[in-house]
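Required output: the full structure, derived from the provided sequences and hints.
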Amino acid sequence: MTIERMNPILEISGVSQSFRTGFWMRKVPVLQDVSFGVPSRSIFGFLGANGAGKTTLIHLIVGLRKPTQGRITLLGQDTTSYQARAKLGYLPERPYFHEHLTGEGLLKYLGALAGLKGSDLKSRIPKVLSTVGMTGAQKVELRSYSKGMLQRIGIAQALLHDPEFLVLDEPMSGLDPLGRKEMRELIRVLSGEGRTVFFSSHVIPDVEAICDHIALIQKGRLMSTGPLADYLSKRASLEEFFE
Amino acid sequence: MSPVHRPHPLRVIWAVGKVTLLELVRDRILYNSVLLCFFLLALAFFASRLTFIRPERVVLDFGLSSVSLSCALIAVLLGSQLLNREFERRTIHVALCHPITRLEFVIGKFVGLASVLALNWLLLASSYLVVLGYSSESFFENTSPILMVGLVFCLIQSLILAGFAILFSSFSTTALSVMFSVGVFLIGNNVTQLRLVGARVQSQVGSLILKGASYVLPNLESFNLGLQVTYGLPPDWKILILSTLYGFFVLTLVLGLSGAIIQFREV
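Protein chains in written order, with numbering that gives the first Met the number 0: chain A, 0 to 242; chain B, 0 to 266.
Keep in mind that the hints were calculated from the coordinates and are not lab data.
Any given hint could be a false lead.
As the list claims (entries may be wrong) - To spell it out: a stretch of chain B is covered by chain A in this simulated footprint if at least three of its residues, at any positions, have a beta carbon under 8 Å from a beta carbon of chain A; those stretches are:
(1) 7–20
(2) 91–101
Unchecked claim - Some chain A residues judged to face chain B by a derived CB distance under 7 Å, without partners named:
(3) LEU63
(4) LEU74
(5) TYR81
(6) ARG84
(7) TYR89
(8) PRO91
(9) TYR95
(10) HIS97
(11) HIS99
(12) TYR108
(13) ALA111
(14) ALA113
(15) GLY114
(16) GLY117
(17) LEU141
Glycine residues also receive a C-beta, built at the ideal position from the N, C-alpha and C atoms.
Written out as structure tokens, the structure reads:
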């Protein structure tokens with residue numbers, strides 16, 4: 000499906016990214032000419048093996064880096080702009096937060112950075128904690144949170160400013176089967192609220208279970224993209240595309 | 000979905016500063032530096048008991064140096080790891096994906112460290128004045144205006160050092176930042192000596208390098224009033240005000256530079 004036909008909320012056009020490494024600062028390409036669109040209000044799965052370039056592209060999408068070449072726009076605005084960053088929520092691959100903060104302290108801190116203040120911030124905190132099922136743990140320091148709780152508080156902070164576009168980097172990594180099931184349900188709920196959810200994973204069953212659109216990436220190059228149903232009509236499982 | 004606006008820079012700086020303050024008050028380096036200062040103050044007090052002529056001078060000089068050293072240690076050791084810790088633990092990722100600038104983030108980190116330095120300074124300066132009071136015949140005998148200015152200048156010097164530590168950590172490792180900052184502290188407190196050596200060196204190139212370094216590096220001697228305090232010299236307010244303005248100019252410069260460097264650093 001072309002970008003023009005599907006009303007994308009996020010457009011990635013001709014994006015390449017390279018890093019300089021080693022003593023001689025050799026250029027290493029990580030992403031090469033990646034182009035695709037993310038349809039509005041979809042659950043978009045970004046699938047690739049470890050080291051395929053998923054997190055690098057996510058860093059470009061959330062505005063942490065600028066692409067070496069190409070352009071990424073969210074609702075028509077460059078993702079490095081303030082306007083675009085104000086409209087997205089981001090859960091990093093491993094939720095690294097300040098361990099000395101309580102759940103509530105973290106939400107107050109990141110809420111302030113998102114532009115929320117006063118009563119708006121106070122009213123949003125219990126709402127997002129309730130959405131992710133963390134109401135009882137808001138006064139507990141993050142250092143005593145389990146992996147699942149950190150993922151949940153990570154989603155809570157991403158939802159705090161009520162963004163239209165959610166970027167979740169490997170949201171199910173390290174979770175037990177029950178935790179994965181709960182996370183899948185949570186993603187469905189968030190999508191049901193009218194958000195576009197973009198999530199990366201290297202676990203095919205997770206993507207097959209909840210996504211309606213996907214993009215497959217391998218060694219920094221986009222292999223293909225489109226509705227999940229199109230893929231499954233051709234093959235029994237997405238696994239076959241990687242063989 | 001609710002419309003969200005770009006947060007006011009002061010709100011961002013306040014939020015980052017508060018989290019940094021809460022993080023730093025849990026750091027062992029802070030308490031070790033404070034303990035070192037208390038140890039030196041106690042040493043100064045007992046040393047003054049062994050002196051027959053003007054024992055309060057020992058406390059005056061030794062105590063002021065202890066406060067200055069402790070503040071400088073905290074500024075260098077905590078400041079050097081402030082940004083690198085954010086990068087290593089990747090806590091910077093969730094902060095920078097929000098609609099804020101990297102300069103606001105750097106200033107916020109500095110404000111957090113400056114708050115810790117101010118609290119530490121308040122504690123040490125009060126302890127110093129108490130020790131000074133006990134070692135004098137009357138409590139306020141040695142609390143001259145120049146002593147108060149000397150104490151405030153210890154704080155300003157540590158703020159400048161913190162700024163430099165943050166600047167160095169914006170492009171190098173924590174260990175290198177500590178080394179560079181200690182270098183700035185040592186050279187900055189011996190600028191006059193550096194100029195003298197520069198004037199006496201035979202080689203023209205060497206002389207130029209030493210003189211150039213003495214003008215480029217911050218002159219921290221302006222904030223070292225040990226001699227004036229020990230001999231109770233009257234303060235020259237014009238020079239003191241100019242020194243203060245110079246300190247804040249240098250601080251603005253290094254923080255601006257740190258923000259510019261961080262802008263280009265890969266996260």
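Structure-based check of all given hints:
1. 7–20: n = 7 at 8 Å, threshold three: holds.
2. 91–101: Check passed, 8 qualifying residues.
3. LEU63: holds, 5 Å
4. LEU74: With Cβ-Cβ at 11 Å, over 7 Å, it is violated.
5. TYR81: holds, 4 Å
6. ARG84: Hint on ARG84 of chain A: holds, closest Cβ of chain B at ~5 Å, below 7 Å.
7. TYR89: holds, 5 Å
8. PRO91: Hint holds; PRO91 of chain A Cβ to chain B Cβ min 5 Å, cut 7 Å.
9. TYR95: Holds, about 4 Å.
10. HIS97: holds, 6 Å
11. HIS99: HIS99 of chain A check passes; min Cβ-Cβ to chain B is 6 Å, inside 7 Å.
12. TYR108: OK, holds: TYR108 of chain A within 7 Å of chain B, min 5 Å.
13. ALA111: holds, 4 Å
14. ALA113: Result: holds, 5 Å to nearest chain B Cβ.
15. GLY114: With a minimum Cβ separation of about 4 Å from chain B (threshold 7 Å), the hint on GLY114 of chain A holds.
16. GLY117: Since chain B brings no Cβ nearer than about 11 Å to GLY117 of chain A, farther than 7 Å, the hint is violated.
17. LEU141: violated, 11 Å
In this structure, the hints that do not hold are numbers 4, 16, 17, in rising order.
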